[in-house]
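These are the residues of each chain, in order.
Number of protein chains: 2
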Amino acid sequence: MIRGNMLIAQSGGPSMVINQSLVGAVLAARDAPEIGKIYGSRHGIKGILEEHLVNLRQQSRKVLEAVAATPSSALGSVRRKPTPEDCATIFRVLRARDVRYFFYIGGNDSAETVHIIDEEARRARYDIACFHIPKTIDNDLCENDHTPGFGSAARFVALAIMGDTLDNRALGGVKIDVIMGRHAGFLTAASALARVYPDDGPHLIYLPERPFVIDRFAADVRRVMQTVGRCVVAVSEGISGPDGKPIISSFITETDSHGNAQLSGTGALGDLLTTVVKKQAGVSRVRADTFGYLQRSFPGVISPTDALEARLVGATAVRVAIEGTVSSGSVAIKRKPGKKYAVTFEVVPLRAVARKTRHMPAAFINRAGNDVTAAFLDYVRPLVGTLPPVGRLRGC
Amino acid sequence: MIRGNMLIAQSGGPSMVINQSLVGAVLAARDAPEIGKIYGSRHGIKGILEEHLVNLRQQSRKVLEAVAATPSSALGSVRRKPTPEDCATIFRVLRARDVRYFFYIGGNDSAETVHIIDEEARRARYDIACFHIPKTIDNDLCENDHTPGFGSAARFVALAIMGDTLDNRALGGVKIDVIMGRHAGFLTAASALARVYPDDGPHLIYLPERPFVIDRFAADVRRVMQTVGRCVVAVSEGISGPDGKPIISSFITETDSHGNAQLSGTGALGDLLTTVVKKQAGVSRVRADTFGYLQRSFPGVISPTDALEARLVGATAVRVAIEGTVSSGSVAIKRKPGKKYAVTFEVVPLRAVARKTRHMPAAFINRAGNDVTAAFLDYVRPLVGTLPPVGRLRGC
Numbered sequence: 001m002i003r004g005n006m007l008i009a010q011s012g013g014p015s016m017v018i019n020q021s022l023v024g025a026v027l028a029a030r031d032a033p034e035i036g037k038i039y040g041s042r043h044g045i046k047g048i049l050e051e052h053l054v055n056l057r058q059q060s061r062k063v064l065e066a067v068a069a070t071p072s073s074a075l076g077s078v079r080r081k082p083t084p085e086d087c088a089t090i091f092r093v094l095r096a097r098d099v100r101y102f103f104y105i106g107g108n109d110s111a112e113t114v115h116i117i118d119e120e121a122r123r124a125r126y127d128i129a130c131f132h133i134p135k136t137i138d139n140d141l142c143e144n145d146h147t148p149g150f151g152s153a154a155r156f157v158a159l160a161i162m163g164d165t166l167d168n169r170a171l172g173g174v175k176i177d178v179i180m181g182r183h184a185g186f187l188t189a190a191s192a193l194a195r196v197y198p199d200d201g202p203h204l205i206y207l208p209e210r211p212f213v214i215d216r217f218a219a220d221v222r223r224v225m226q227t228v229g230r231c232v233v234a235v236s237e238g239i240s241g242p243d244g245k246p247i248i249s250s251f252i253t254e255t256d257s258h259g260n261a262q263l264s265g266t267g268a269l270g271d272l273l274t275t276v277v278k279k280q281a282g283v284s285r286v287r288a289d290t291f292g293y294l295q296r297s298f299p300g301v302i303s304p305t306d307a308l309e310a311r312l313v314g315a316t317a318v319r320v321a322i323e324g325t326v327s328s329g330s331v332a333i334k335r336k337p338g339k340k341y342a343v344t345f346e347v348v349p350l351r352a353v354a355r356k357t358r359h360m361p362a363a364f365i366n367r368a369g370n371d372v373t374a375a376f377l378d379y380v381r382p383l384v385g386t387l388p389p390v391g392r393l394r395g396c
Numbered sequence: 397m398i399r400g401n402m403l404i405a406q407s408g409g410p411s412m413v414i415n416q417s418l419v420g421a422v423l424a425a426r427d428a429p430e431i432g433k434i435y436g437s438r439h440g441i442k443g444i445l446e447e448h449l450v451n452l453r454q455q456s457r458k459v460l461e462a463v464a465a466t467p468s469s470a471l472g473s474v475r476r477k478p479t480p481e482d483c484a485t486i487f488r489v490l491r492a493r494d495v496r497y498f499f500y501i502g503g504n505d506s507a508e509t510v511h512i513i514d515e516e517a518r519r520a521r522y523d524i525a526c527f528h529i530p531k532t533i534d535n536d537l538c539e540n541d542h543t544p545g546f547g548s549a550a551r552f553v554a555l556a557i558m559g560d561t562l563d564n565r566a567l568g569g570v571k572i573d574v575i576m577g578r579h580a581g582f583l584t585a586a587s588a589l590a591r592v593y594p595d596d597g598p599h600l601i602y603l604p605e606r607p608f609v610i611d612r613f614a615a616d617v618r619r620v621m622q623t624v625g626r627c628v629v630a631v632s633e634g635i636s637g638p639d640g641k642p643i644i645s646s647f648i649t650e651t652d653s654h655g656n657a658q659l660s661g662t663g664a665l666g667d668l669l670t671t672v673v674k675k676q677a678g679v680s681r682v683r684a685d686t687f688g689y690l691q692r693s694f695p696g697v698i699s700p701t702d703a704l705e706a707r708l709v710g711a712t713a714v715r716v717a718i719e720g721t722v723s724s725g726s727v728a729i730k731r732k733p734g735k736k737y738a739v740t741f742e743v744v745p746l747r748a749v750a751r752k753t754r755h756m757p758a759a760f761i762n763r764a765g766n767d768v769t770a771a772f773l774d775y776v777r778p779l780v781g782t783l784p785p786v787g788r789l790r791g792c
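First to last, the protein sequences are chains A and B.
The first sequence: position 202 = 202 (our numbering), numbered continuously.
In our numbering, each residue carries its 1-based index in the second sequence increased by 396.
For the record, the hints were derived by calculation from the structure and aren't laboratory data.
Keep in mind that a hint or two might mislead.
Heads up, simulated DSS-like pairs for lysine-lysine below, C-alpha to C-alpha not over 27 Å straight-line [what the hints assert, rightly or not]: (1) B:K641 to B:K675; (2) B:K675 to B:K730; (3) A:K245 to B:K674; (4) A:K278 to B:K433; (5) A:K46 to B:K674; (6) B:K752 to B:K730; (7) B:K477 to A:K278; (8) A:K356 to A:K245; (9) B:K752 to A:K278; (10) B:K641 to B:K674; (11) A:K278 to A:K245; (12) A:K81 to B:K674.
Beta-carbon label-pair distances, calculated as ranges [to be verified]: (13) A:A219 to B:H448: 28 to 34 Å; (14) B:P784 to A:S60: 55 to 61 Å; (15) A:T83 to B:Q676: 31 to 37 Å; (16) A:A219 to B:P700: 44 to 50 Å; (17) B:E446 to A:T386: 34 to 40 Å; (18) B:P480 to A:K245: 53 to 59 Å.
Where a beta carbon is used, it is the ideal one built from N, C-alpha and C, also for glycine.
One chain only, chain A, in its complex shape (with noise of 0.2 Å):
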């Protein structure tokens, strides 16, 4: 157990209640003797080199539950990975404000930043207890059953889906969704929560877990126009080639510190697959909508469970790390066995999470490599939380 000063930070795309878990740290901080001060670092890391730090002891209840219900870093982000020289500037920033403890709020960049400023803290003899608390809409860290932010992303999926085959039924021919996801198909794997009826799409998804083959995605979609008489396609951003290049990659021009490529705010892959429905399927009427953005920000589209445990897991690291067992890790969720929806959180080292991907298991994947299992659906439904009733007419 160490005595001093907090300072937390957010890292890495936003999600609709990453302010839960910094909520859930500086509540946690603010009843607990062993902590002084509690900085906020404006757009992680890059606040702390420019010292650009916010007292959110001196917060209002009432200003941090408003702020807790709102979507995207309140704290605002950054992508940067730092360097040893940054890391050097950030001691220095921190020992001259005595702080002993680091929350990084964050995916698995974000977690490979903290265990970049742990080590790069013991070699500087600089005792302090450096977490990481998880955030990522992709569900795609290791060592968690999932991830706070995924439920409420994977709602917004699950509910324009829904919109959408409901558009789609009304009008017909083929609509492509393109859904956020680099390397992990949860998201876009959740879009299967939008089925009521039989003939409900998605009726085929594409995920980053298997190659995605021009033709073969061509004659799937043919063979659902001649049964369903329509489709609704819903694929990942992340989608690749058998040579494990990913579809979008000739679009592509912008990586980020940590190596990343931008896949969103683009919608040069559904024109794509949208001009090879035209030609290879023959289809008149495709249209294709990019999800973008929206998926990790819409505000009042939160699964409580998702809000509730993106709480849990900024208290939870803070009292692990004031506990003072280990001086660093992530802090995880694992789920419990049994047929009732129930989890735990569990401290883990920070290099099995930093930069580590987490793919859809095949289990969760059907063969043909164009759906989701019910073993899936099983997995993901309490995470989303229960969806609006779908009306149809008798007879239509």
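With chain A fixed as given, assemble chain B onto it according to the hints.
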């Protein structure tokens, strides 16, 4: 007052509340002794031509209420302008079933369809009441203060931009959001409701009602980047250059039988504007999203006022038709003068609505043509309903 059977159908782009109008009409008809059978035609006039009709009197109240709360045309939709030959077939089918009441829910193209059928029926000496029930998320019907479907779509847009300006605040750069609206900018303009704090986006709003000049757009973005440090742009899919040609027209190949170009279901405009900002405004992080079909079909984001009014226009059409003062027309929503929001419903001639497009009044657009006015916000706020609060940390 005529006694006979009734037929109702839905046409054009679906909306989130188009089934409220259907159910409003059906419930009113079920209470009316003048009306016998209630046919629903599948996919607009196509269902009449192909005699694909369903019985709407035998649907349970529970089913009807579930359908009312479900987005997208429950009877299916169509984009088809009837030819004289179509009309002859339609009258043969309707006469055989003694249909004396015809209701068609849709936008200005659907009103044109009703107008054609009404005029052809007179010529054919077929005594049938022909009424158009308004629907369009674009809000571009003449004679109407606003149209059913707009308030809910505008709510989706406002929420999406609320989330997006929070996302943009976290990670910076320029975000371009392409919003539906072929000729009228109402839906794009509704993005202004997303502003809660003075630095909130959208920072720039471009509408089809004002010429879109690429160089001026790039200069606007540069200015916002200098003053705010980031920029969210709301742009209508229908923006046109000073030559009057849609900016996106170079990408368009499809039109429907009413002569409308297909502008939605592609990310091309967003990607084009992204390139402009990168090259001409010198911004490196630029993303574009095209909201697409989610705007008209997303479940659970419904304006209560919109849902209620959608139901009432349906019921009003049936009551007016039974009254028989006029044998054809379109139900229009008029706003009562005064501070408190209230509306009345009036019947206007079909020719006043058919094919015509209402645009944003000049008083709703700022002088520079890149934002809306306070008068527009006063106009739109009651249609969209209360939006969720946005929390912000002190010092952030």
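The hints, checked one at a time:
For the suggested pair B:K641 and B:K675, the alpha carbons sit about 23 Å apart, so the restraint of at most 27 Å is met. Proposed proximity of B:K675 and B:K730 is contradicted: the alpha carbons are some 46 Å apart, above 27 Å. Of the pairs offered as hints, the one joining A:K245 and B:K674 holds, with about 26 Å between alpha carbons and a cut-off of 27 Å not exceeded. For the hint linking A:K278 to B:K433, the alpha-carbon distance of about 41 Å lies beyond 27 Å, and the restraint is violated.
Proximity of A:K46 to B:K674 is assessed by CA-CA distance (about 24 Å); at most 27 Å being required, the pair is judged to hold. With a CA separation close to 17 Å, the supplied pair B:K752 and B:K730 stays within the 27 Å bound. Proximity of B:K477 to A:K278 is assessed by CA-CA distance (about 24 Å); at most 27 Å being required, the pair is judged to hold. Among the hinted pairs, A:K356 with A:K245 is consistent with the structure: their alpha-carbon atoms are about 19 Å apart, no more than 27 Å.
A C-alpha spacing of about 32 Å is found between B:K752 and A:K278, which places the hinted pair above 27 Å, so the restraint is violated. In summary, the hint linking B:K641 to B:K674 is supported, as the alpha carbons are separated by about 23 Å, within the 27 Å threshold. The hinted pair formed by A:K278 and A:K245 meets the criterion: a straight-line CA distance of about 23 Å does not exceed 27 Å. Our distance criterion of 27 Å between C-alpha atoms is met by A:K81 and B:K674, whose separation comes to about 24 Å.
Take A:A219 and B:H448: their Cβ atoms lie about 30 Å apart, and the range 28 to 34 Å holds. At about 19 Å, the CB distance of B:P784 to A:S60 disagrees with the hint of 55 to 61 Å. A:T83 and B:Q676 have their C-beta atoms about 33 Å apart, which keeps the hinted 31 to 37 Å range intact. For the pair A:A219 and B:P700, the beta carbons lie near 46 Å from each other, so the given range of 44 to 50 Å is met.
Range check, B:E446 to A:T386: Cβ separation about 38 Å, and the 34 to 40 Å hint holds. A hinted range of 53 to 59 Å for the beta carbons of B:P480 and A:K245 is consistent with their spacing of about 55 Å.
Checked against the numbered hints given earlier, this structure breaks hints 2, 4, 9, 14; the rest are met.
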